[in-house]
Amino acid sequence: MSAAVLQAVPGTGIDVSGLNVWFDDHQVLHGVSFSVPEGGALGLVGESGSGKSTVLRALCGLVDQWSGALRIDGADLGKTRSRGFYRVVQMVFQDPFASLHPRHTIDRTLSEPAQVHGLDRVEDRVVTALEQVGLDRSFRFRFPHQLSGGQRQRVAIARALMLEPRVLLLDEPTSALDVSIQAEVLNLLKGLQRDLGLTTLMVSHDLAVVSHMCDAVAIMNRGRILETIAAEDLAAGRVDHPYSQQLLRASSGFDRAVIDSFVDWE
Amino acid sequence: MNKPMTGTATAPQGLRGWLRTDTPQSRFQARMGRLWFGWLTFRRNRLAMLGLSIVLLLCAVALFAPLLAPYNPVQGVLNDRLQAGSAAHWFGTDNMGRDILSRLIYGARYTLMVVVLVAITAAPIGLLVGTVAGYFGGWVDTALMRVTDIFLAFPKLILALAFVAALGPGLENAVLAIALTSWPPYARLARAETLTVRKADYIAAARLQGLSHARLIVGHIMPMCTSSLIVRVTLDMAGIILTAAGLGFLGLGAQPPLPEWGAMISEGRQFLLNQWWVATVPGLAIFVVSLGFNLLGDGLRDVLDPRAGGNG
Chain V
1 MSAAVLQAVP GTGIDVSGLN VWFDDHQVLH GVSFSVPEGG ALGLVGESGS
51 GKSTVLRALC GLVDQWSGAL RIDGADLGKT RSRGFYRVVQ MVFQDPFASL
101 HPRHTIDRTL SEPAQVHGLD RVEDRVVTAL EQVGLDRSFR FRFPHQLSGG
151 QRQRVAIARA LMLEPRVLLL DEPTSALDVS IQAEVLNLLK GLQRDLGLTT
201 LMVSHDLAVV SHMCDAVAIM NRGRILETIA AEDLAAGRVD HPYSQQLLRA
251 SSGFDRAVID SFVDWE
Chain U
1 MNKPMTGTAT APQGLRGWLR TDTPQSRFQA RMGRLWFGWL TFRRNRLAML
51 GLSIVLLLCA VALFAPLLAP YNPVQGVLND RLQAGSAAHW FGTDNMGRDI
101 LSRLIYGARY TLMVVVLVAI TAAPIGLLVG TVAGYFGGWV DTALMRVTDI
151 FLAFPKLILA LAFVAALGPG LENAVLAIAL TSWPPYARLA RAETLTVRKA
201 DYIAAARLQG LSHARLIVGH IMPMCTSSLI VRVTLDMAGI ILTAAGLGFL
251 GLGAQPPLPE WGAMISEGRQ FLLNQWWVAT VPGLAIFVVS LGFNLLGDGL
301 RDVLDPRAGG NG
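Which chain is which? The protein sequence lines are V and U, in order.
Just so you know, we're using our numbering here: the first sequence kicks off at 1 and counts up by one.
Just so you know, we're using our numbering here: the second sequence kicks off at 1 and counts up by one.
It is worth saying that the hints were derived from the structure and are not from the lab.
The model shown is predicted, which means the values in this text are computed figures rather than measured ones.
Yeah, the Cβ is synthetic: ideal placement off N, Cα and C, and Gly gets one too.
Hints are not guaranteed to be accurate.
As the list claims (entries may be wrong) - Label-pair ranges, simulated between beta-carbon atoms: (1) U/ARG43 / V/SER175: 36 to 46 Å; (2) U/THR142 / V/THR80: 33 to 43 Å; (3) V/GLY18 / U/VAL218: 34 to 44 Å; (4) V/GLY84 / U/ARG20: 37 to 47 Å.
I would like the entire structure built from these sequences, with the hints used as guidance.
Structure follows, in C-alpha cells:
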C-alpha cells in the first residue's frame, strides 16, 4: 500500500519526481519523488541533515542547482519563479525569531505582499489575516520584538495566508516553540488547512506532529525517500524499512539498548 | 479555533503614555514609540548629550548668525586691524580689521553646509553601491567593489585636491570633491552589513512574497544597514570638517572673503607668532565642533548598533 498512499490526480496538487539538488559539488538530494493531491497533507520526516527542508526550498525557488521535475497544479516549475507563483505557493519558516523583519511592524509585514501583488482592500485583508490566526487587532502596529515566539509564528502564518495561496509549505513550524505553544500553533494550522482546503507539505523531525497533521508521511534519510506510508500506519508502528523502524524507536524516548543497536544508513 | 489573544491594553496617559504604549494604534505611533525608547537610552550617556548640545548649538549659531554677530563678517575697519581680545572684539580682529567672533559665527554656516551636503550625497551613494554589491554578489559585486577599491587606494585629501584642481576652487566644488572621496568606506560598510542579512530567513520570506529586487534592497536590506551607517557618518563628520578646512587652508575651498574656518586659519598663519588669536580661535572652533560630532556619533552607536545590544 505504501507507494499508492497518496497519488495526485494529474494536473493538481504537488508533484515532484526525480529531484536532485547540489550545494556546490555536494549532492544533497538524490532522486526524490512524491506527490500530494489537492487538499492533501504530506509530512516529510527524517533526522537533521536528511534534506527535508531542502525539498521545500527547491519547491519555492530558494535553491539554485537542481534537476528533476517539479509540478504544481500540473505546471512545470522552471529555474525562476514568476510573481504569480507566490500567489499559489507560500511557506512558513522554522524559526519565527528569524523570519520576521526586525524593523518592520506587523502591519507592514502583512500589508507588503498584498501591495506588491496589487490586491485591493489591503487594510481589510490585514485585519482578516490577523483574525484568521487568532491575533487581536492590538498586535497590528507592534514590532516583532514586542511579541512572543508563538505570536510571531502566528504572524508568519498570517503573512503566508495574505496572498490566499492554495499550497502551504511548512518547514518545522513548531520546532522553535515551547511545548505548550506547539499544540496551539498545530491546531491553528490544522484548522486553517481544513477551512481553506490547503494542500500542505510539512517538514518535521517529530513523528507525533506529522501523524497529527498529515494524511501520509514520507521518511527521508541522506537525501532519499525511503518509504511513504499512511499516517495511521505510522501511528500504529507499521513501517517496512529498517531505518524507519529505527526512527520510530528513537522517537519513543531515550533507551540505551535502543541507541546501542542503531546503525548508520547509507 | 483558539480564543483570540489580546494584548495587554494599558490606558495611555498623556504624550508619554501614547509613546510608551505596547499597543500602538498606527504606524506613526509605533515609529514614534521606537524613537522615544532610543532617546531614553541616548539620554543616559552624558558625553553623547554634550556632543548633541555642541551640534545643536552649531545649528542655532548658523541659523541666527545675522542676529548673533556683532559686526559685519566681511567688511572690517583697517584702523582696528590685528587687535587682541577686548570688550569690543571678544576674540580680537584679523589683518583686515574684521571681528573674528562675527566671522566665526558666520563661518558656522559654511561648516554646517559642508557637513550636511557631504553627508546627504556620500552616504546614499555608498549605501546604494554597498547594498547592491552585497545583495547580488557575483560579477556585480566584483565590479562595484573594485571601483570602490580604486577610490580607497588614493589618500582622501590628495584625491579631493585633484578633484578641486580639476573643477576649480570654491566651496561647492570642495563639497563635491569631499563627497566623491568619502563614499567608498560607506559602500564597504553597507556591503558587509548586507552580507550578514541577505541569507536571513526574513529576506528569504520577503522573496517568497514575490517582492522585486529593488523593493527588497530598499525596503528590507537598507533599513538593516542604516544604523551603522548613521553612526559612521556622524563619526566621519569631524574628518569632513577637517578636510574642508584643509582645502580652505590650501586656498582650494572657500575663497576670500568668505569666513570659512579653514580659510581663516590659513590667513592667520602669517601672524601666528605675534597675533596668535587670528589662527587659534577658528582652530579651537574646528576642534570643539569635531569633538561634538564624535561624541554624538559614539552615543548614537550605543543606541543604534544592534550588535551593541540596542533596541535592534
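Each hint, compared with the structure:
{"no.": "1", "hint": "U/ARG43 / V/SER175: 36 to 46 Å", "in the structure": "41 Å, holds"}
{"no.": "2", "hint": "U/THR142 / V/THR80: 33 to 43 Å", "in the structure": "22 Å, violated"}
{"no.": "3", "hint": "V/GLY18 / U/VAL218: 34 to 44 Å", "in the structure": "39 Å, holds"}
{"no.": "4", "hint": "V/GLY84 / U/ARG20: 37 to 47 Å", "in the structure": "43 Å, holds"}
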